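Take the sequences, apply the hints, and build the full model.
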Amino acid sequence: MAAAPGSSSGANACIPPISDVWKEKNLRQMIGVLDSRGVEWTSMDLVRFGDVGLVERISDAPVVVWIGVKPDTLSGEDGLAAAKECKQILVANGILDVEVEMRESVVVLLLSNYGLV
Numbered sequence: 001m002a003a004a005p006g007s008s009s010g011a012n013a014c015i016p017p018i019s020d021v022w023k024e025k026n027l028r029q030m031i032g033v034l035d036s037r038g039v040e041w042t043s044m045d046l047v048r049f050g051d052v053g054l055v056e057r058i059s060d061a062p063v064v065v066w067i068g069v070k071p072d073t074l075s076g077e078d079g080l081a082a083a084k085e086c087k088q089i090l091v092a093n094g095i096l097d098v099e100v101e102m103r104e105s106v107v108v109l110l111l112s113n114y115g116l117v
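With the first letter of the sequence shown counted as 1, position 44 gets the number 44 in full-length UniProt numbering; the numbers rise by one all the way through.
I should point out that these hints are in silico values taken from the structure, not numbers from a laboratory.
Since the model is a prediction, treat every value here as computed from it, not as a measurement.
Check each hint, because a few of them may be wrong.
Claimed, not checked - Derived BS3-like pairs (lysine-lysine); straight-line CA-CA distance at most 30 Å:
#1 K70 / K25
#2 K87 / K70
#3 K25 / K87
#4 K25 / K84
#5 K84 / K70
As the list claims (entries may be wrong) - Simulated restraints on C-beta separations:
#6 L54 / G32: 24 to 30 Å
#7 D78 / V107: 17 to 23 Å
#8 G76 / Q29: 18 to 24 Å
#9 E24 / E99: 32 to 38 Å
#10 V91 / G53: 29 to 35 Å
#11 V55 / R28: 26 to 32 Å
#12 K25 / L109: 35 to 41 Å
#13 G32 / V55: 31 to 37 Å
#14 R57 / Q88: 14 to 20 Å
Ideal Cβ placement from N, Cα and C applies to all residues, glycine included.
The structure is reproduced here in structure tokens:
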């Protein structure tokens, strides 16, 4: 699989207009859902995943809100419920073609340089 990472800042041109609404409304609401459910999340990114050979252009690959969660802190059932609630936020805001997925994730700072970070 090839992935073109996006960001909640909307800086990636491969991510559709969700980026404009993302900062203003959806991101805050999703953080509220995760926090209210006690999800120990580590990151939230807009990404595209496309199978090499099946997707001609990365812009044809589906957009996913990819939520990182600390390992061993969330059951599958609770993760599914939180993901469904986050998806409902997108649908309520007219964003029907973006999925929500969770993964175990640990964020580690590997480089410290004030010019880069």
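Results of checking the hints against the structure:
| no. | hint | verdict |
| --- | --- | --- |
| 1 | K70 / K25 | holds (24 Å) |
| 2 | K87 / K70 | holds (20 Å) |
| 3 | K25 / K87 | holds (13 Å) |
| 4 | K25 / K84 | holds (17 Å) |
| 5 | K84 / K70 | holds (19 Å) |
| 6 | L54 / G32: 24 to 30 Å | violated (36 Å) |
| 7 | D78 / V107: 17 to 23 Å | holds (21 Å) |
| 8 | G76 / Q29: 18 to 24 Å | holds (23 Å) |
| 9 | E24 / E99: 32 to 38 Å | violated (20 Å) |
| 10 | V91 / G53: 29 to 35 Å | holds (31 Å) |
| 11 | V55 / R28: 26 to 32 Å | holds (31 Å) |
| 12 | K25 / L109: 35 to 41 Å | violated (29 Å) |
| 13 | G32 / V55: 31 to 37 Å | holds (33 Å) |
| 14 | R57 / Q88: 14 to 20 Å | violated (29 Å) |
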